[in-house]
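The residues making up each chain are set out below.
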Amino acid sequence: MQHGKYRFIVGFLALPLGLYALFVVWPFIQSIYYSFTDWTGLSPEFKMVGLDNYRRMLDDEIFWKSLQHSLIFAVVLPLVTISLALFFAFMINVGGRRRRGGPVISGVRGSSFYKIVYFFPQVLSIAIVALLFAFAYNPDSGAINSILRGIGLDSIQPLWLGDPDLALWAVMAVLVWSTVGFFVVLFSAGMASIPADLYEAALLDGANRSTTFFRITLPLLWDTVQSGWVYMGILALGAESFAVVQIMTTGPGGPDYSTTVMVLYVYQKAFRDGQAAYATTIGVALLVVTLAFAALVMRLGRRERLEF
Amino acid sequence: MKTTETPAPVPAQPGPRVAKVDAPHGPSPKAKKEGTALNVFSHGILVIWAIMVVLPLLWAVMTSFKDDASIFNSPWSLPDRLHFDNWSRAWTQANMSDYFLNTILVVGGSLIGTLVLGSMAAYVLARFDFPGNRFIYYLFIGGMSFPIMLALVPLFYVVNNMGLLNTIHGLILVYIAYSLPFTVFFLTAFFRTLPSSVAEAAFVDGASHSRTFFQIMLPMAKPGLISVGIFNFLGQWNQYMLPTVLNTDPDKRVLTQGLVQLAVSQGYKGDWSGLFAGLVMAMLPVLAAYIVFQRQVVQGLTAGALK
Numbered sequence: 001m002q003h004g005k006y007r008f009i010v011g012f013l014a015l016p017l018g019l020y021a022l023f024v025v026w027p028f029i030q031s032i033y034y035s036f037t038d039w040t041g042l043s044p045e046f047k048m049v050g051l052d053n054y055r056r057m058l059d060d061e062i063f064w065k066s067l068q069h070s071l072i073f074a075v076v077l078p079l080v081t082i083s084l085a086l087f088f089a090f091m092i093n094v095g096g097r098r099r100r101g102g103p104v105i106s107g108v109r110g111s112s113f114y115k116i117v118y119f120f121p122q123v124l125s126i127a128i129v130a131l132l133f134a135f136a137y138n139p140d141s142g143a144i145n146s147i148l149r150g151i152g153l154d155s156i157q158p159l160w161l162g163d164p165d166l167a168l169w170a171v172m173a174v175l176v177w178s179t180v181g182f183f184v185v186l187f188s189a190g191m192a193s194i195p196a197d198l199y200e201a202a203l204l205d206g207a208n209r210s211t212t213f214f215r216i217t218l219p220l221l222w223d224t225v226q227s228g229w230v231y232m233g234i235l236a237l238g239a240e241s242f243a244v245v246q247i248m249t250t251g252p253g254g255p256d257y258s259t260t261v262m263v264l265y266v267y268q269k270a271f272r273d274g275q276a277a278y279a280t281t282i283g284v285a286l287l288v289v290t291l292a293f294a295a296l297v298m299r300l301g302r303r304e305r306l307e308f
Numbered sequence: 309m310k311t312t313e314t315p316a317p318v319p320a321q322p323g324p325r326v327a328k329v330d331a332p333h334g335p336s337p338k339a340k341k342e343g344t345a346l347n348v349f350s351h352g353i354l355v356i357w358a359i360m361v362v363l364p365l366l367w368a369v370m371t372s373f374k375d376d377a378s379i380f381n382s383p384w385s386l387p388d389r390l391h392f393d394n395w396s397r398a399w400t401q402a403n404m405s406d407y408f409l410n411t412i413l414v415v416g417g418s419l420i421g422t423l424v425l426g427s428m429a430a431y432v433l434a435r436f437d438f439p440g441n442r443f444i445y446y447l448f449i450g451g452m453s454f455p456i457m458l459a460l461v462p463l464f465y466v467v468n469n470m471g472l473l474n475t476i477h478g479l480i481l482v483y484i485a486y487s488l489p490f491t492v493f494f495l496t497a498f499f500r501t502l503p504s505s506v507a508e509a510a511f512v513d514g515a516s517h518s519r520t521f522f523q524i525m526l527p528m529a530k531p532g533l534i535s536v537g538i539f540n541f542l543g544q545w546n547q548y549m550l551p552t553v554l555n556t557d558p559d560k561r562v563l564t565q566g567l568v569q570l571a572v573s574q575g576y577k578g579d580w581s582g583l584f585a586g587l588v589m590a591m592l593p594v595l596a597a598y599i600v601f602q603r604q605v606v607q608g609l610t611a612g613a614l615k
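Line by line, the protein sequences are chains C and S.
1 is the number of the first residue of the first sequence in my numbering; add one for each residue after it.
309 is the number of the first residue of the second sequence in my numbering; add one for each residue after it.
One or more hints might be untrue.
What the hints assert, rightly or not - Pulled from the structure, derived: some chain S residues nowhere near chain C, Cβ distances all over 12 angstroms: (1) D393; (2) W399; (3) D437; (4) F448; (5) T520; (6) M528; (7) P551; (8) D559.
Stated by the list, open to error - Beyond 10 angstroms from chain C on every Cβ pair, some chain S residues (computed): (9) L365; (10) R389; (11) F408; (12) P455; (13) N474; (14) H477; (15) I524.
Said to hold, decoys possible - Label-pair restraints from in silico Cβ distances: (16) C:D223 with S:P503: 49 to 55 angstroms; (17) S:N381 with C:S155: 16 to 22 angstroms; (18) S:M470 with C:G50: 41 to 47 angstroms.
FYI, nobody ran anything at the bench for these hints, they're computed from the structure.
Heads up, the beta-carbon is just placed ideally off N, CA and C, and yes, glycines get one too.
Excised from the complex, chain C in its bound form:
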């Protein structure tokens, strides 16, 4: 298969690679370079300023707030989402009533219904979800406080997004709501492929459900959990957190910068404040955080791969 091979390779790679290089790779390289300049983004002129932007960043209180919030996103969101999803997936696949003559372990009835419904938010745009919940959180006329009033909790009427202490958690709850379903379906598929005789053996030995979960299900599912963890963390640091914070919170960035995240701060510095170079500096910090996060999860989660 040598005939015209290289001409073919070049012909097929040129367009995709060229497009990718121009719109993705080149801007990444540029932005690292720009982080050492005083480029405003408004005029083409700039000069090198060395590490000035990085020094400024270390003294920038809002940067530290955004870093802190981004780290909370990257740690709390995967933890809550994946724990909930594992719990639901386990209930769906193992929580069923034992039917006579059926297998020892069985899924609940209507398991496919639950999987379909739980997946709904995953197909919706995060922007639409964020808008919807911005209304639901409205303290006076929103759906949530209205429910609270309806069940007699008139005294508990939080300001939600308007409360600096609550806003960040309210925003995170929306991301949990919208991503749990994806992981339920993902983990369900993994759990379904675990051989039933493993469960049977465990139950014969007298293991209860939680032992079964921690000793059998979780270890066999570990690879999926780990890659899900990285995936969720990258989303929580990047595009998803940008959309929810930008759309839902006032400012945007919340009362008293209580919800601002790094990715939003990059956007605001570059496209609102005309400080493109400084924006890329924060972007580089975000890059470091993202890569460190992924490396850490892969490193901490490394264990012997179980074959079954």
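Since the structure of chain C is already known, use the hints to place chain S on it.
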């Protein structure tokens, strides 16, 4: 497909700790008891979460048929009558029709481009040995874990200098470029699983490399193309960050952007019912498509994570 299946009606509250033992048969009363209690408990939990997922969506649909006054005064009351005028107002006055059209154009172009370019690159990377193969592969893969916002700052000016800012075709090119990492990753793995004998036979019969690709390999790769196509379709249809940065012309707005803009401008216009109608309008087609193609959508979206 089991879209019509509904769950057995079960009480939504967590059941009693010790459930009733209804019949004395079974392996042992204790195990049976545990099984039943667990069953009630797990159903309870699952139903609660199902309600939490569906309720906000139903609330949005209901609200889209109400007038502004009752949206504010009683968020959970049923509409006094079905205000279809909200929907027509959203469609015409609030420019939802334009947003839909723009989105269809952008996503249509991007999806085709992504699949064509992605499968070409993936095929070459999966099937041919040449110096730099690994490097190019990892260059593509790397794009999946980098924070896109970092690149968007200079990209805005790159796109602007090329005269592509605020144009549909400019947006299409950017969408394609940012969809390539996952597409190439997924399709490279897929092309590797296809048998090489068929392609070799075609080649021996005198087909050129590109003919082999388009007439033999692409049809064989159809399942993979469908999965990655659904993944990209949803990703591009729902895309918010890229158009927010690169598409600032009000006439070129895509659906997500348009809705957010609509919500922002409601501050002084106050047409909340129209906005809700717009939201639901944007939600329903995707949800309907999901329910119809449920199995393929789930496969497409989870395929990458299971690799």
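Cross-check of the supplied hints:
no.	hint	in the structure
1	D393	holds (20 angstroms)
2	W399	holds (16 angstroms)
3	D437	violated (9 angstroms)
4	F448	violated (7 angstroms)
5	T520	violated (9 angstroms)
6	M528	holds (17 angstroms)
7	P551	violated (10 angstroms)
8	D559	holds (19 angstroms)
9	L365	violated (7 angstroms)
10	R389	holds (20 angstroms)
11	F408	holds (13 angstroms)
12	P455	violated (5 angstroms)
13	N474	holds (14 angstroms)
14	H477	holds (12 angstroms)
15	I524	holds (13 angstroms)
16	C:D223 with S:P503: 49 to 55 angstroms	violated (27 angstroms)
17	S:N381 with C:S155: 16 to 22 angstroms	holds (21 angstroms)
18	S:M470 with C:G50: 41 to 47 angstroms	violated (30 angstroms)
Violated hints, in rising order: 3, 4, 5, 7, 9, 12, 16, 18; the structure is consistent with all others.
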